Amino acid sequence: MLSSLMGYYSLIFGLCISLLIILFSVKNFKNSNILDSKILLFSFLQLVLVFVSFLGLVISFVNSDFSNETVFNNSHTTKPLFYKITGTWGNHEGSLLLWLLVLTLFIFIFLVKSKNQLKKYRILTVIFQQIIIIGFFTFLIKTSNPFNYLFPIPEEGLGLNPILQDPALAIHPPILYLGYVGSSIIFSSVLAATTLNYINNDWAKHIKGWVLISWIFLTLGILLGSIWAYYELGWGGFWFWDPVENVSLMPWLALTALLHCILVLEKRSLFKSWIIILSIATFTLSMCGTFLVRSGILNSVHTFANDPERGLFILSFLFVLIFISIFIFFVFHKSDNKKLSPIFLLSKETSIVINNWFMMYFLSVVLIGTVYPIFLDVISSQKISVGPPFYHKLIIPFLIPLLIFMAIGPRLKWIKSELKDKLSLAILLIISVLLSLFIVRNFETNYLLNSILIGSAFYLFFITVRDFFSKKTQRLSQNIAHFGFSLLILSILFNSIFSNEIITNLKVGESYKDDDLEIVFNDLTKENKKNYVLFTGVFSIKDKSFNNILKPELRIYNQPNIITSEADIKITLLQDNFITINTVKNEDYFNVRYMIKPFMLWIWVSVLLIALGGLISLFNKKHEE
Amino acid sequence: MKILKLIFIIFLIFPFHHLKADETDLQNKIIKNLRCLICQGQSVYDSDSEFAISLKLVVKNKINDGLSEKEIYDFLTEKYGEWILYDPKFNKNTYILWFLPLLIFLFGGAIVFKKLINIK
Amino acid sequence: MKNKTITIIVIFFFIFVFLIFYKGLNNSNIYKPSNNENKIIPKFSAYSFFENKLINSENIFNQKKFYLLNIWASWCVPCRDEHPLIMSLKGNDKLEIIGLNYKDNNKNAKKFINDYGNPYSIILLDKDGIRAIEWGAYGVPETFLIFENQIIKKYIGPLNSKLILEIESFIK
Numbered sequence: 001m002l003s004s005l006m007g008y009y010s011l012i013f014g015l016c017i018s019l020l021i022i023l024f025s026v027k028n029f030k031n032s033n034i035l036d037s038k039i040l041l042f043s044f045l046q047l048v049l050v051f052v053s054f055l056g057l058v059i060s061f062v063n064s065d066f067s068n069e070t071v072f073n074n075s076h077t078t079k080p081l082f083y084k085i086t087g088t089w090g091n092h093e094g095s096l097l098l099w100l101l102v103l104t105l106f107i108f109i110f111l112v113k114s115k116n117q118l119k120k121y122r123i124l125t126v127i128f129q130q131i132i133i134i135g136f137f138t139f140l141i142k143t144s145n146p147f148n149y150l151f152p153i154p155e156e157g158l159g160l161n162p163i164l165q166d167p168a169l170a171i172h173p174p175i176l177y178l179g180y181v182g183s184s185i186i187f188s189s190v191l192a193a194t195t196l197n198y199i200n201n202d203w204a205k206h207i208k209g210w211v212l213i214s215w216i217f218l219t220l221g222i223l224l225g226s227i228w229a230y231y232e233l234g235w236g237g238f239w240f241w242d243p244v245e246n247v248s249l250m251p252w253l254a255l256t257a258l259l260h261c262i263l264v265l266e267k268r269s270l271f272k273s274w275i276i277i278l279s280i281a282t283f284t285l286s287m288c289g290t291f292l293v294r295s296g297i298l299n300s301v302h303t304f305a306n307d308p309e310r311g312l313f314i315l316s317f318l319f320v321l322i323f324i325s326i327f328i329f330f331v332f333h334k335s336d337n338k339k340l341s342p343i344f345l346l347s348k349e350t351s352i353v354i355n356n357w358f359m360m361y362f363l364s365v366v367l368i369g370t371v372y373p374i375f376l377d378v379i380s381s382q383k384i385s386v387g388p389p390f391y392h393k394l395i396i397p398f399l400i401p402l403l404i405f406m407a408i409g410p411r412l413k414w415i416k417s418e419l420k421d422k423l424s425l426a427i428l429l430i431i432s433v434l435l436s437l438f439i440v441r442n443f444e445t446n447y448l449l450n451s452i453l454i455g456s457a458f459y460l461f462f463i464t465v466r467d468f469f470s471k472k473t474q475r476l477s478q479n480i481a482h483f484g485f486s487l488l489i490l491s492i493l494f495n496s497i498f499s500n501e502i503i504t505n506l507k508v509g510e511s512y513k514d515d516d517l518e519i520v521f522n523d524l525t526k527e528n529k530k531n532y533v534l535f536t537g538v539f540s541i542k543d544k545s546f547n548n549i550l551k552p553e554l555r556i557y558n559q560p561n562i563i564t565s566e567a568d569i570k571i572t573l574l575q576d577n578f579i580t581i582n583t584v585k586n587e588d589y590f591n592v593r594y595m596i597k598p599f600m601l602w603i604w605v606s607v608l609l610i611a612l613g614g615l616i617s618l619f620n621k622k623h624e625e
Numbered sequence: 001m002k003i004l005k006l007i008f009i010i011f012l013i014f015p016f017h018h019l020k021a022d023e024t025d026l027q028n029k030i031i032k033n034l035r036c037l038i039c040q041g042q043s044v045y046d047s048d049s050e051f052a053i054s055l056k057l058v059v060k061n062k063i064n065d066g067l068s069e070k071e072i073y074d075f076l077t078e079k080y081g082e083w084i085l086y087d088p089k090f091n092k093n094t095y096i097l098w099f100l101p102l103l104i105f106l107f108g109g110a111i112v113f114k115k116l117i118n119i120k
Numbered sequence: 001m002k003n004k005t006i007t008i009i010v011i012f013f014f015i016f017v018f019l020i021f022y023k024g025l026n027n028s029n030i031y032k033p034s035n036n037e038n039k040i041i042p043k044f045s046a047y048s049f050f051e052n053k054l055i056n057s058e059n060i061f062n063q064k065k066f067y068l069l070n071i072w073a074s075w076c077v078p079c080r081d082e083h084p085l086i087m088s089l090k091g092n093d094k095l096e097i098i099g100l101n102y103k104d105n106n107k108n109a110k111k112f113i114n115d116y117g118n119p120y121s122i123i124l125l126d127k128d129g130i131r132a133i134e135w136g137a138y139g140v141p142e143t144f145l146i147f148e149n150q151i152i153k154k155y156i157g158p159l160n161s162k163l164i165l166e167i168e169s170f171i172k
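These protein sequence lines map, in sequence, to chains A, B and C.
Take the first sequence: its letters are residues 1 to 625, numbered as in the numbering used here.
Take the second sequence: its letters are residues 1 to 120, numbered as in the numbering used here.
Take the third sequence: its letters are residues 1 to 172, numbered as in the numbering used here.
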């Protein structure tokens with residue numbers, strides 16, 4: 001109880017400090033040339049207060065203090081300690097507190113790391129960021145208080161959904177929020193810089209670090225979410241174009257475009273207006289995503305418990321931010337249209353323009369697909385669904401030119417360039433296409449599309465591998481990231497084309513047999529665990545490349561009353577062998593799903609490589625300083 | 001370099017020569033495109049709800065009766081509305097849905113073209 | 001000025017988006033299929049519960065009276081709640097109540113009928129749930145009011161006394 005009180009009052013004080021910081025900032029803006037140290041001090045104090053509040057919630061969870069409503073709703077005395085702790089942010093209120101923690105942390109880091117920057121720029125960034133922070137404080141305290149008091153104090157909590165008790169899912173929110181909050185710094189920074197007409201090479205060099213950090217964490221956060229979905233949900237898929245997934249992908253696409261533009265702005269004076277718009281858009285998309293996911297406006301497997309009152313608050317807050325941005329952009333931004341520096345057709349700048357073109361297209365596909373049902377429902381009361389087929393049809397064909405541009409673009413120099421080694425580039429292209437035709441030959445009906453697509457991915461693959469051996473270390477980060485992307489597309493394509501699946505109903509002792517494969521249901525064992533009853537199926541699987549025993553599980557939880565199915569997955573370099581069992585109502589047999597999923601490991605590795613590219617770039621930047 | 005490529009090709013060809021049965025293919029394709037009405041965030045393929053299990057059976061029967069994919073979708077939308085399909089139908093409700101991204105692509109292309117037209 | 005027109009367009013666009021989202025908040029996000037009213041009833045065949053004979057739907061809904069098709073199961077809790085209300089409709093000679101037992105175990109269903117009463121003139125079996133889908137149902141309980149082979153009204157979820165009054169007013 002004490003921890004909850006401590007947590008609550010820390011929040012109140014934290015909110016007051018926001019107002020103080022703004023006060024000091026406004027005063028400091030006009031007078032003196034150096035940053036008032038009080039601003040730094042109070043930012044740190046605010047961070048400490050939010051941290052104390054967060055700690056208070058964690059302690060309440062660890063102690064299973066059910067006088068706290070959030071703990072009551074989301075925890076249980078029998079939950080393992082690790083999941084009690086991570087359950088702190090596995091709910092709406094706690095996750096918002098985590099958002100607030102990262103928001104205050106990042107603005108403090110920003111202040112510390114921007115000592116060489118203009119004072120006015122730093123102050124304005126702080127002010128804009130504090131507006132966001134005040135919004136979150138108010139949202140938290142008014143509609144999503146993590147420290148509501150329950151009386152009489154319940155004996156036991158309502159327990160966390162066992163599907164959410166998973167290590168990948170435990171760290172997925174913090175990592176993702178680091179990405180989202182990074183984009184808030186970019187947002188505040190770009191508004192500050194626009195007001196001061198500071199959008200130039202220096203600002204680009206300075207903000208690039210933040211763009212990279214945000215992008216890396218967002219990439220990793222999305223990866224963790226996919227990994228969790230694949231291993232935990234048991235349907236063998238890792239991306240479903242579900243609204244919650246789309247909502248994390250949209251800022252990522254905007255950030256990727258922004259990252260490439262910043263590379264240009266570092267060196268040349270181009271794309272300023274566009275960069276401002278992109279920077280604003282990235283954080284707007286993050287907030288829009290928060291709105292879509294937490295307001296209950298959309299139907300999704302993984303939305304939080306939703307509440308229209310909260311939705312209205314986020315919606316209003318989001319539009320306040322949008323209107324502030326529009327105001328600043330149109331009032332303060334003076335585009336230097338006078339000297340329209342020409343861009344030559346064959347140049348790195350062109351490649352980046354094309355990159356942005358494609359990223360914005362993909363972004364529009366995901367955005368329209370996600371929100372169109374809402375618009376249609378409100379305007380004409382028709383309810384439709386937009387799912388994977390829509391996204392595949394609109395995105396996949398456009399990957400082909402994207403991959404080819406990704407292969408050629410980076411080789412071009414700034415301003416004006418020639419395409420060197422035209423011959424070897426052409427030869428590699430022919431080899432790629434032939435290779436893919438060879439591989440796809442017996443399979444798909446979408447023969448032509450798939451082979452060209454795989455061909456383009458191979459092309460990027462070979463080009464990046466070849467570039468890797470040409471010892472240009474300054475392009476290492478870009479090379480690895482692009483290579484990772486080609487590997488990602490190849491892995492996903494091979495995974496979808498060559499996946500195989502058997503669904504059958506078996507009783508204990510029965511077996512399934514066909515030309516390639518034999519599955520024997522050997523045994524079913526029962527064991528009592530700490531908070532569930534465990535049934536383990538023992539299966540012998542034998543096929544041409546695999547001969548092993550797999551043990552999928554059925555877990556019957558007591559609190560809440562759920563049965564979950566845990567897949568057993570044998571992971572090898574080339575493929576995953578994946579099996580799940582499920583009970584069938586009124587019957588004594590089990591529904592068994594056995595899948596062969598090629599290249600799953602490489603899908604994860606390729607995303608790690610993409611993030612690694614970003615990390616290397618960040619490291620290079622630090623080295624330069 | 002060439003040896004690497006050769007090894008890569010060989011690596012890929014070996015494990016993957018199962019040819020799937022066409023019927024289950026069509027069945028799976030259809031039920032992956034159907035949205036479960038009970039667990040509304042899942043496809044019928046992924047869902048284990050009673051409705052999903054029954055619907056899988058219905059689809060299988062309809063395929064055996066010789067109905068085409070389109071006819072099965074029509075049958076189900078007649079019962080449950082267009083919402084049940086993940087692939088939005090192309091009708092007056094969804095023209096904007098399908099065309100707007102493409103229009104944006106063309107619009108983006110026009111902007112790109114304008115920028116690049118300053119070729120020295 | 002070009003800049004001013006763009007600003008105004010942008011502002012109006014965002015106001016429009018805000019209004020749409022605001023209205024969307026108040027709509028439910030759970031989907032319920034629209035009622036298939038005024039549709040012809042589906043043709044199907046099913047085994048009867050007690051006699052275990054295969055019956056064709058054309059032989060059931062062929063008289064000039066109202067029919068109430070009630071989809072139920074012994075494992076369904078709201079079905080238990082609405083059952084007494086259906087029992088209350090039993091005596092009415094303008095209405096024949098047909099039961100469709102959905103994905104159930106015969107023993108449990110029999111116990112349900114013994115414990116709570118049998119308002120049905122016939123109980124049909126739908127062990128695999130296919131017939132319910134022919135009717136456009138997706139869960140239990142669901143109830144259909146039928147006249148002259150047309151669905152007059154469809155009720156998703158358990159009946160309550162208000163809906164029973166509605167049914168009775170239709171029958172008159």
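Some hints could be false.
[To be verified] If you want a taste of the chain C side facing chain B, the calculated C-beta under 8 Å gives, among others:
id, residue
1, P33
2, E37
3, G129
4, K153
5, I156
6, G157
Calculated from the structure, these hints are not laboratory results.
Bear in mind the structure is a predicted one, so any value in this text is a computation, not a measurement.
Cβ atoms here follow ideal geometry from the backbone N, Cα and C, with glycine treated the same way.
Consistency of the hints with the structure:
1. P33: holds, 5 Å
2. E37: violated, 13 Å
3. G129: holds, 3 Å
4. K153: violated, 16 Å
5. I156: At 10 Å from the nearest chain B Cβ, C/I156 fails the 8 Å test, so the hint is violated.
6. G157: This hint is violated: C/G157 lies away from chain B, its Cβ roughly 13 Å from the closest one there, beyond 8 Å.
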